[in-house]
Amino acid sequence: MSVPSNFDEFLDGIWKQNPIFVMVLGMCPTLAVTVSAVNSISMGLATTFVLAASCLLVSILRSAIPKQVRIASYIVIIATFVTVVDYAIQAISLDLYEALGAYIKLIVANCILLGRAEAHAAKNPPLPATLNAFGMGLGFTLGLLAIGSVREVLGAGKLFGLSLFGPHFQPWVVMVLPPGGFFVLAAWLIVFAAFRHINIKRNTQLGGVQS
Amino acid sequence: MNNDTVANILLTTILPGNFVLAMFLGMCPFLGVSQKLSTAVPMGIATAFVILVASLSAYFLNMLLVHFHLEFLSVITFITVIACAVQLVEMFVKKTFPELFRQLGIYLPLITTNCAVLGVALFQTARQYNFVQSLAYSIGGGIGFTLALILMAGLRERMQLSNVPTLVQGAAISVVLGGLLSLSFMGFAGIGGGE
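Chains as they are written, first to last, in the working numbering: chain A, 30 to 240; chain B, 241 to 435.
Everything labelled a hint here was simulated from the structure, so no lab data went into it.
Ideal Cβ placement from N, Cα and C applies to all residues, glycine included.
It is possible that part of the hints are untrue.
[Claimed, not checked] To give an idea of the interface, some chain B residues facing chain A are shown, with a C-beta separation under 7 Å as derived from the structure:
hint, residue
1, Phe308
2, Leu310
3, Phe332
4, Ala366
5, Met399
6, Val404
7, Ala412
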């Protein structure tokens, strides 16, 4: 097995192992804060920062942390960075802080973070671990943005706060309510499944021709 | 100070403000352990218990933190206490119901990273609930979580008999089911006054 290059590590999280659409991890913030595109991006970037920073630290400390207490140590590391982000957002924009609410603190309980720390950062040197975490975070941000913009366009007729359809647009309110989150996520999952389906079909056809 | 009555809080957290279906807390077990009723019920009860323990300890911890002006440590202390509570439940289940322990598998330790548990601790602090209100909030949250898990498991058991298109199978169909459940829970809006 060849060692994946740093760039591959980075791309992995964005497309091949996209945390939302392929691994279906971190569903709570995915559904809860994606009522608008701005919220989605800020949540995504906050998660990316915590992910990259904690993976870097976990990777540096990977030989110093005893195996028995590793999960607890990872959680404390993650919680530290989440506290940093929490206070940073509160200082930068109070509006945003109120819109995201307790979900910033809930980044601690996001499965992506612990999953990455345990499955990747604990086994790899700092550079690839951070790049991989960064890619994962960006993949997560893109996923949130995909859901958030669809919900904002359909549910409020706006994108990034700009009105799109003029005054006669009747907003599809259910899209910004909880059920809308489920439906938009399901629609994206189906789109991704269709992509995969087409890919597999094409690959098997190619294989058939070659043999 | 918050003036919600106990009955209000209980009803709100169980029905219209359901943790899973309205606030999206605890989605991982909701999508992961809801294949069979026989595992959904114990999982719900175990989580409800952890929620209760976490909420009680978070209440006293918060008093302590406020007293020493250490509020910035809240996330770290809450998650550590929750991890200990989960460990307790895990040891108890392993000792008393080994069969169940095998069925729940990885999802039992994962209660630690269940947002519902941390969510209760954070929300009750944010809303400045007093002791009785926090108790009602955590009990209601636990019941609501179990209810959602059981409903979902029942639906998914039925789904096994129906013909689902290949594309939609797996995560997508579960998310659609969750959406429909969430839609129907919106019908309870207004019960418990407010929100």
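These are the hints, each one checked on the structure:
| no. | hint | result |
| --- | --- | --- |
| 1 | Phe308 | 16 Å, violated |
| 2 | Leu310 | 11 Å, violated |
| 3 | Phe332 | 19 Å, violated |
| 4 | Ala366 | 6 Å, holds |
| 5 | Met399 | 14 Å, violated |
| 6 | Val404 | 12 Å, violated |
| 7 | Ala412 | 4 Å, holds |
Comparing the model with each earlier hint shows violations of hints 1, 2, 3, 5 and 6; every other hint is respected.
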